[in-house]
Amino acid sequence: MNPALWHEVPSSWYLILSAMLFSLGVIGFLIKRTLITVFMSIELMLNAVNLSFVTFAHDWHAVKGQIFVFFVMMVAAAEAAVGLAIIISIYRSRATLNVDQVDLMKL
Amino acid sequence: MNAHLHLWLIPILPFAGFLVNGLLGRRLPKALVSAVALGFPLASLIVVARAASIFFSVTPQPVPWLINYGSWISAGPLHLDFSLYLDQLSLLMLGIITGVGFLIHVYSVGYMAHEDGYWRFFSYLNLFLFSMTTLVLAENYILMFVGWEGVGLASYLLIGFYYEKKSAADAGKKAFVANRVGDVGFLLGMFLLLSQFKSLSFYEIGSNLGANPALQGGILTAIALCLVVGACGKSAQIPLYVWLPDAMEGPTPVSALIHAATMVTAGVYMISRTHFIFDRSPLALSVVAIIGAVTALFAATIALVQTDIKRVLAYSTISQLGYMFLGCGVAAYSAAVFHLMTHAFFKALLFLAAGSVIHGMGGEQDMRKMGGLRKKLPITFLTMTVGVFAIAGIPPLAGFFSKDAILYEAFQQGSLGKVVYVIGLVTALLTSFYMFRLWYLTFLGENRAENVEEHGAAVHAHSGTKLVLEAEQHHEPHESPWSMLGPLVILAILAFGGGWIGIERFGAYLAPVVGPVTDPALQSGGKSLDYILSGVAVAVALLGLLIAHVFYFRKNDRAAKLAAALSGPYDLLVHKYWIDELYQNVIVTPITLASRYILGWVGEGVIIRGSTWLLGGVATLFGELFRRWQSGNLRSYSAWLAAGAVALLFFAVVGYVLGVGGPDLRMVWAGH
Numbered sequence: 066m067n068p069a070l071w072h073e074v075p076s077s078w079y080l081i082l083s084a085m086l087f088s089l090g091v092i093g094f095l096i097k098r099t100l101i102t103v104f105m106s107i108e109l110m111l112n113a114v115n116l117s118f119v120t121f122a123h124d125w126h127a128v129k130g131q132i133f134v135f136f137v138m139m140v141a142a143a144e145a146a147v148g149l150a151i152i153i154s155i156y157r158s159r160a161t162l163n164v165d166q167v168d169l170m171k172l
Numbered sequence: 002m003n004a005h006l007h008l009w010l011i012p013i014l015p016f017a018g019f020l021v022n023g024l025l026g027r028r029l030p031k032a033l034v035s036a037v038a039l040g041f042p043l044a045s046l047i048v049v050a051r052a053a054s055i056f057f058s059v060t061p062q063p064v065p066w067l068i069n070y071g072s073w074i075s076a077g078p079l080h081l082d083f084s085l086y087l088d089q090l091s092l093l094m095l096g097i098i099t100g101v102g103f104l105i106h107v108y109s110v111g112y113m114a115h116e117d118g119y120w121r122f123f124s125y126l127n128l129f130l131f132s133m134t135t136l137v138l139a140e141n142y143i144l145m146f147v148g149w150e151g152v153g154l155a156s157y158l159l160i161g162f163y164y165e166k167k168s169a170a171d172a173g174k175k176a177f178v179a180n181r182v183g184d185v186g187f188l189l190g191m192f193l194l195l196s197q198f199k200s201l202s203f204y205e206i207g208s209n210l211g212a213n214p215a216l217q218g219g220i221l222t223a224i225a226l227c228l229v230v231g232a233c234g235k236s237a238q239i240p241l242y243v244w245l246p247d248a249m250e251g252p253t254p255v256s257a258l259i260h261a262a263t264m265v266t267a268g269v270y271m272i273s274r275t276h277f278i279f280d281r282s283p284l285a286l287s288v289v290a291i292i293g294a295v296t297a298l299f300a301a302t303i304a305l306v307q308t309d310i311k312r313v314l315a316y317s318t319i320s321q322l323g324y325m326f327l328g329c330g331v332a333a334y335s336a337a338v339f340h341l342m343t344h345a346f347f348k349a350l351l352f353l354a355a356g357s358v359i360h361g362m363g364g365e366q367d368m369r370k371m372g373g374l375r376k377k378l379p380i381t382f383l384t385m386t387v388g389v390f391a392i393a394g395i396p397p398l399a400g401f402f403s404k405d406a407i408l409y410e411a412f413q414q415g416s417l418g419k420v421v422y423v424i425g426l427v428t429a430l431l432t433s434f435y436m437f438r439l440w441y442l443t444f445l446g447e448n449r450a451e452n453v454e455e456h457g458a459a460v461h462a463h464s465g466t467k468l469v470l471e472a473e474q475h476h477e478p479h480e481s482p483w484s485m486l487g488p489l490v491i492l493a494i495l496a497f498g499g500g501w502i503g504i505e506r507f508g509a510y511l512a513p514v515v516g517p518v519t520d521p522a523l524q525s526g527g528k529s530l531d532y533i534l535s536g537v538a539v540a541v542a543l544l545g546l547l548i549a550h551v552f553y554f555r556k557n558d559r560a561a562k563l564a565a566a567l568s569g570p571y572d573l574l575v576h577k578y579w580i581d582e583l584y585q586n587v588i589v590t591p592i593t594l595a596s597r598y599i600l601g602w603v604g605e606g607v608i609i610r611g612s613t614w615l616l617g618g619v620a621t622l623f624g625e626l627f628r629r630w631q632s633g634n635l636r637s638y639s640a641w642l643a644a645g646a647v648a649l650l651f652f653a654v655v656g657y658v659l660g661v662g663g664p665d666l667r668m669v670w671a672g673h
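The listed protein sequences derive, respectively, from chains A and B.
Residues 66 to 172 (my numbering) make up the first sequence, in order.
Residues 2 to 673 (my numbering) make up the second sequence, in order.
Hints are computed from structural coordinates only; laboratory data are not their basis.
One thing to keep in mind: the hints can contain errors.
Simulated DEER-style distance windows between Cβ atoms [to be verified]:
hint, chain 1, residue 1, chain 2, residue 2, range
1, B, Ala-644, A, Arg-98, 13 to 23 Å
2, A, Ala-150, B, Leu-616, 42 to 52 Å
3, A, Ala-160, B, Ile-609, 35 to 45 Å
4, B, Gly-660, A, Lys-129, 19 to 29 Å
5, A, Arg-157, B, Gly-660, 48 to 58 Å
6, A, Tyr-156, B, Ser-612, 47 to 57 Å
7, A, Ser-77, B, Gly-660, 20 to 30 Å
8, A, Lys-129, B, Leu-650, 41 to 51 Å
9, A, Ile-151, B, Gly-660, 39 to 49 Å
Here are some of the chain A residues that sit facing chain B, going by a computed Cβ distance under 8 Å [what the hints assert, rightly or not]:
hint, residue
10, Leu-89
11, Phe-94
12, Leu-162
13, Asp-165
14, Leu-169
All C-beta atoms in this analysis are idealised placements derived from N, C-alpha and C, irrespective of residue type, glycine included.
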């Protein structure tokens, strides 16, 4: 095809996708009761944000956004390691992964 | 004027003595405490003497020295310096304070020798000298006020020196509170001065007044009356005199130094120092004259019937201070200050001699239990005799000249002057009578001490436990050690000769400070009026001596009969006109009750406790409410989190759409 006819995908599409992914993550975070699923919802939200970072970075020709994404991914990896460790130890001590039954942290 | 006066050393040296004895005295040997206590005041006295020699060496005539040691407070229109002022008046006061003060320090070494808290006593005494010299050297009202409060503090500490005795502690408190009332007046006076003159410096206010001859009465009367209230508190005048008789709870040297010779004259000094304000307000001067005359008479009548030797002297001090006020009130400042000086000599002498008697009697203060001490205490007797003749106003001793000078000036000041002259004369009669009564009861006749032991009524409490023990070991009255007699002899010489210094020359000496003595009689040629008035004064003094002789020379019951015949007035005098009871019932009790019930129930119970309870209740209530949020339930938390995020998003979008407020998202993302 003629490259001149190529239409770049508009940034708004990426942003809409990002918003949808983020909303899905929020909904999952709110309504799911299994810790693993809640955890996956958080990852989903993080990656939705990463997507909008990259989009804006491309739009405005600012490399900062791209760099920021690397930081987010790194922190997400660390968080995944720690979070999974916590989930495993919760399962070992309480034999359940239902968040409604893990409610000892209160006055 | 290139010589250095080192005026700052005069207060600082006693202050150093105060610090050394106050901080380390407990651990130092007694001899060293005495050396410190005497050394620093002596050094201060030497500095005063040196300053005096430089002051008078200036030709053709001495000029005032104003020395500024730096800025103290500078705030808006208010500007205060650490500045000291030396003129004839402050030099005279310094001489009295450090001179008489040093003698009394020497005396105290003997008097307090057996007391606990020896070091404490001398550190307070040095603190007093520091404050008093600051008071008289100060060049502005605030610095004077610092000294004014300092002497009040030293007085409080020394009255309550035997603090384990309730009456002494109460007397200290009473003195402090009565002085506080006066200080309110002094402070208000200073505020008015500041609003009127934008300055508190004596020199600036004086020159400001000099430049505005039209400024009379009005605000100046208000200022002067406020200052008089302060002076009444410090100088124990009606209506604030009540603390001074009780102040006799302190050791006798303290009574001599603070409550006779120096501190109580601060009010007179203050009026003389700021005479330029009083000169512009005839009303305020009349008030001062009336207060002085009434106080003089009032206190003298009470002194007639007192039996405690120190209380007689205390009321006599109030009465003599009344004379000084009277002198100030008829604008005879130099006569008032002259009387201040001679009074410092003979009253310090009388108190110290009384202390020597009390010491010799082993703590006994009741004159009815003395008598016949002439043989036992010969030197005390001789010096006390000089003091009694001096205060009674018998020539050629000091009291005659100064009292005569005040009465002479008063006589020439119009109709009010005539009235206060007559009051002064009556007071002189009473003074002569009660002083000779004291003299006869104490030194002549027979020793009545034996009766005391029979009655078992001896109250030895006044001079602490050690003296009581001493008294019980040997009852025989004994003469005091030379450290006590030496100051007595020196003061006796001063009380004897102090008047000659002043006659004729004193007015001229103080004229640069308080203005020349106005003497219409002298101008009209002739001193006959002076001689007549002097003759009257001497006659009155001798009459007092005669009456006392009739009543007390030989053992007789005339005094008792008279008291029985006039039981009404006698009772009134013995109970000091019931003034203490009046104050207690009219002022102290209502304030106590109001504090307990109105302030205690309404103020503390309702307002303070209620408001703290309310604050605590509100905090608890909100705590109960918000506690429910922290459920421990993860999904509950996440719901709130989401709700918060939605709310933030909502406000951001609304703000962006409306274009008012809210973060501009593009700017944030772009990192600008």
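Here is how each hint holds up against the structure:
Between Ala-644(B) and Arg-98(A) the CB atoms are about 19 Å apart, so this pair conforms to the stated range of 13 to 23 Å. For the hinted restraint 42 to 52 Å between Ala-150(A) and Leu-616(B), the CB-CB distance of approximately 46 Å keeps it satisfied. Distance hint for Ala-160(A) and Ile-609(B): a CB-CB separation of about 57 Å, inconsistent with the stated range 35 to 45 Å. For the pair Gly-660(B) and Lys-129(A), the beta carbons lie near 27 Å from each other, so the given range of 19 to 29 Å is met.
Roughly 55 Å separates the CB atoms of Arg-157(A) and Gly-660(B), a value that falls within the hinted 48 to 58 Å. Here the CB-CB span from Tyr-156(A) to Ser-612(B) is close to 53 Å, well matched to the stated 47 to 57 Å. For the hinted restraint 20 to 30 Å between Ser-77(A) and Gly-660(B), the CB-CB distance of approximately 21 Å keeps it satisfied. Checked against the hint of 41 to 51 Å, the pair Lys-129(A) and Leu-650(B) fails, with Cβ atoms roughly 23 Å apart.
Checking the proposed 39 to 49 Å range against Ile-151(A) and Gly-660(B) shows it holds: the Cβ atoms sit about 45 Å from each other. Evaluation of the Leu-89(A) hint against chain B yields a violated restraint, the C-beta minimum of about 13 Å exceeding 8 Å. With a cut of 8 Å, the hint placing Phe-94(A) at the interface with chain B holds, because the nearest CB-to-CB distance is about 6 Å. The beta carbon of Leu-162(A) is not positioned within 8 Å of any beta carbon in chain B (closest approach about 12 Å), and the interface hint is therefore violated.
This hint holds: Asp-165(A) has a C-beta 7 Å from the nearest C-beta of chain B, less than the 8 Å allowed. Of the supplied interface hints, the one on Leu-169(A) holds, with its beta-carbon coming within about 6 Å of a beta-carbon of chain B, less than 8 Å.
Hint check: violations occur at hints 3, 8, 10, 12; the rest are consistent with the structure.
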